[in-house]
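Enquirer: Residue-level listing of the chains:
2 protein chains.
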Amino acid sequence: MRYELYYWPSIQGRGEFVRLALEEAGAGYVDVARERGAAAITPMLEGKGLVRVPFAPPYLKAGKLMIGQTANILAWLAPRHGLVPKGEAARVWAHQLQLTVADWLVEAHDTHHPVGGAFYYEDQKPESARRAAHFTGARLPKFLGYFERLLAKEKGGWILGRTFSYVDLSLFQMVAGLRYAFPRAMDKLAPKHPRSAALHDRVASRPRIAAYLASPRRIPFNQHGIFRHYPELDT
Amino acid sequence: MRYELYYWPSIQGRGEFVRLALEEAGAGYVDVARERGAAAITPMLEGKGLVRVPFAPPYLKAGKLMIGQTANILAWLAPRHGLVPKGEAARVWAHQLQLTVADWLVEAHDTHHPVGGAFYYEDQKPESARRAAHFTGARLPKFLGYFERLLAKEKGGWILGRTFSYVDLSLFQMVAGLRYAFPRAMDKLAPKHPRSAALHDRVASRPRIAAYLASPRRIPFNQHGIFRHYPELDT
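From first to last, the protein sequence lines are chains A and B.
Each residue of the first sequence is one higher than the last, beginning at 2 in the working numbering.
Each residue of the second sequence is one higher than the last, beginning at 2 in the working numbering.
Because the hints were derived from the structure by calculation, they are not lab data.
When chains are identical, the list treats them as one kind, so a pair holds in a single copy or across two.
Pairs of lysine to any residue residues, derived as SDA-like cross-links and limited to a Cα-Cα distance of at most 20 Å, are as follows:
hint	residue 1	residue 2
1	K143	F120
2	K87	W77
3	K143	F56
4	K193	F56
All chains, full assembly: derive it from the sequences and hints.
Expert: This is the structure in structure tokens:
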């Protein structure tokens, strides 16, 4: 099956968590907006021809299924591509961790958009300064510390222990994105989180992920995505 | 099996989505902090005796499984209690909708905590005023309109069409909570969303839900939960 990914063509965003899973799986997929032009996703974004319209991208078309919500897409994809153990307990736990990553991602995003997505960052700078200080001072250490402790408890270096999973790909993406957005804060926190850093490096060196990261398919981090680098927010 | 729900005893919060599902299912459960005192959940919140520690409550103990993340708990519970159709496509779609409810819930919460949970509302009133205006003016109509359109497309009055599901319980809770928090905004939007209102009423009149809502097990909405009524934010 050749999947179709519907997501914005110019940012990593939430779609990147799906791209990483598809790339690691070696799955055939079309990144529709990137390969056919941004206008190619418009009818789908408007729900044309769909009864069950997703609220927001990314969505993945898999045969007759159209799946929305990043964590939902990953939970569907992973068991079909060996990206999660088959047992129910492991799948439930992996999904739980992915949903925690999703919560973390919202908080990372809201550092530059605490008032709402309808306003430019430039129109919410004082609010952003407060929220970002709370994020780098309290929330970022809390999330990093949580995953670091799990890595310490589970022997094997992956978040599920000895078995690599899609959640490792998502944690790689979080570390990479947070280093781009908050280099100073992440640098300061680095000594406390060696396992997360090691996981990041191990993921980055997996052959398919390394090839993807070196390819033009990997959109560089930029100031339109979820992770943005505003030096004044990185204190 | 007798479930154990670990959640704060004095608010509806995220735990309420799980309580509603357990009540509708007629499942045996202990609401641990409410029945045994708030201190009874402390060891679990600290991860005592757990390798796979959840990030935050609610969690549900189901035999040997300890499940965290509200939508994950519901996705696990629902097929075991007839709260979602058995087919994969329906389950994936229901979960997708539940995750969209979860996103909506975060936005409802952040109207009174745009800077972060570490600060009192009183310490972020100007930021809240801006965020709440954006919420009631743009986001609330967008989410309500989304679910209203789905209800119009699917004949039968439930969000999955003719089949009642746990997502209907969650939509009931959203409408109830939003009416508590934003009575003026919800009143103004009501004429455009008759189907959501009808769904709310149908859920409320289901025998087990009606009995639950009339019981002391249903914690009243209050100013410590996710839905809070600040008149100055309801414009």
